[in-house]
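K.L.:
So the sequence lines, in the order shown, correspond to chains A and B. The opening position of the first sequence corresponds to residue 2 in my numbering, with each subsequent residue numbered one higher. The opening position of the second sequence corresponds to residue 24 in my numbering, with each subsequent residue numbered one higher.
Be aware that one or more of the hints could be misleading.
Result set (DSBU-like, lysine-lysine): computed pairs, CA atoms no more than 35 Å apart in a straight line [to be verified]:
hint	chain 1	residue 1	chain 2	residue 2
1	B	145	B	132
2	A	333	A	161
3	A	112	A	326
4	B	132	B	86
5	B	86	A	333
6	A	326	B	86
Chain A regions said to be covered by chain B (calculated; three or more residues, Cβ under 8 Å) [stated by the list, open to error]:
hint	segment
7	84-92
8	221-234
9	319-326
10	336-344
11	358-369
Honestly, the hints are just simulated from the structure, not real lab data. Beta carbons: idealized from backbone N, C-alpha and C, even for Gly.
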Amino acid sequence: MPRRLCFAVIAIVLPFPVQAAAQTVGSIDAGVTRIGYTDLPGITAYSLSPALQLFRPNASLLANGIFSYFNGGGWTLQGTTAGSVFVPRWSHVQVELGGSLSGSVDGDGNKTADFLAQPRIHWGGARRGLWLGGGLGRGWDGTTWQTVGLVEAAGWARLKDLTMVVGASPNWVGPDLRYVDAQATARLVHGRLELGAYGGVRSWFEPDGTGATGWGGATAAYWLNRRLAIVAAGGSYPADFAQGFPAASYLALTVRIATRRPPTPSGVEAQEYRLLQPLARPLVPAFRVTTISGATRLVRLRAPGAGSVEIMGDFTDWEPVPLQKSGRDEWKAAIPIPSGTHRINLRVNQGPWGVPPGMPVLDDDFGGVVGVLVVE
Amino acid sequence: MRHFLLFGLALASAGALQAQDPRLEGRLDPTTQAAVTGLLDSARAAGLPTEPIVDKVLEGMTKRASPDRIVAALRTLSTALRSARVALGPGAPEGDVIAGASALRAGAKPETLERISGVRGKAGLSVPLAVLSDLVARGVPVDTAATVIVHLAQGGATDADYTGLERGVARDIGAGAPPGAAAAIRARVAVTEGQSNGNGPPPGIPPKSPKEPRAKIPARP
């Protein structure tokens, strides 16, 4: 999970807080992100993302938030706080007591939350090390509270300006999801330029037989001066089952204004990682049917760039019904649809008949597809 | 005798008019019209609902399918309706038969329909069978979907429980969960919330030993 990846990256510096002077860095990112989902149309998000990093000899606190406004309407507000306290080290060993708290709320009132206690034991020196840890917490996906947990093992090394982390963590979410995330990150700092890359594979234990999924991406930051940087990032991230955020791919470009450039590479990694956090699901479902009165339903569709939108189904005797444009990118129509299960098709710009996003798809017997719409 | 023949002709004409749905008038070529009329007559004689057949013709015409393809689709649909009628019994409401035909076409077995019908009784089958078809269309393995639906029925689930299950599974799949796991998990929640009589193992999930810790972490392969 990306959050776990975040912890992995942060852990590069946290095992040795004594070596780093006490420092506080604040920053705010402003930019635009294009996000693609597997079964939903892509969306564009304009975001503001403040962050605060506090490093003290025996403690650290990282906090950030993301306010995203989506093209066509809707917004989300997400936040994450992660803190750690370090027990004074003994020889090459040090104990970290850490935890995190995350949550989100969107314009429709949906909320998610996730908290995790995560102790670790570190072993290593200034250039390489290992850690073992575990985590236990609860996640709220807007519908159900689930217990989440993980065990992790990772190693890291620094070679001049290059820092690498490789780790694996068995995860469980609720009583039925078991998987292992294996992931690696690499980071290179050269003058004004900072480059990062990451990749991972999720292998499933339960349900048995589920195919592995992978993700990966890269970031590049260029500091124009001590306080201003341009950050570009692209790639993919896996689903966050604790909060119910879907997997997605993304492409982002932001401007970062900071109180100062973080003096250590690792201090920057946590910030750039913000671009890798899974964004909350699209706020306005791409296709929605709500009851106006009786059997009259309001059909709404988000279709950026469309010139015309039509739907048809058994409830229209398969006569196409045009939707009317309502606001930017949204189309709607009031149509009589009785309660029950219906077959439905949709087309945009007089193109081929397809299925509204997010809807189960069936073969239509005529070489095409048809969606299944359940109306209560 | 002459009056008898006239009466017979009148009956035949009435039957033809009845077979001809007004929505189809003048929209089919004579050959296709004859085939459709024959299928409608046959369905009516077997006590099968005819609306899905008319609906399928309308869909095919709007999508500009060839007459042969339309007739082939109607034959497949008629077969499914007939099998659903057999599985659900002669007294089953038309809505249940239509939903049953969809479930069969999604891959459910007639025995599954019989089991759900036996458990649900007069509670109606259209919603659970529609949800069954929906789950399969979302990628839930048909055996898992059938197990979930039957298990919920055994637990006394209401129509609202089924639609809630469908919404939850859709959401989980949208979040990236494997379809089979999503269905099993949501069914487990529905059963837990909807009953407290502990009806055996959770649906779609093999029973676990009570001694096995719930949060046991699997060893790495």
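K.L.:
State for each hint whether it applies.
P.N.:
Tested hints:
no.	hint	result
1	B/145 x B/132	holds (21 Å)
2	A/333 x A/161	violated (58 Å)
3	A/112 x A/326	holds (30 Å)
4	B/132 x B/86	holds (30 Å)
5	B/86 x A/333	holds (23 Å)
6	A/326 x B/86	holds (24 Å)
7	84-92	violated (count 0)
8	221-234	violated (count 0)
9	319-326	holds (count 3)
10	336-344	holds (count 3)
11	358-369	holds (count 9)
Hints 2, 7 and 8, counting from the list given before, are not met by this structure.
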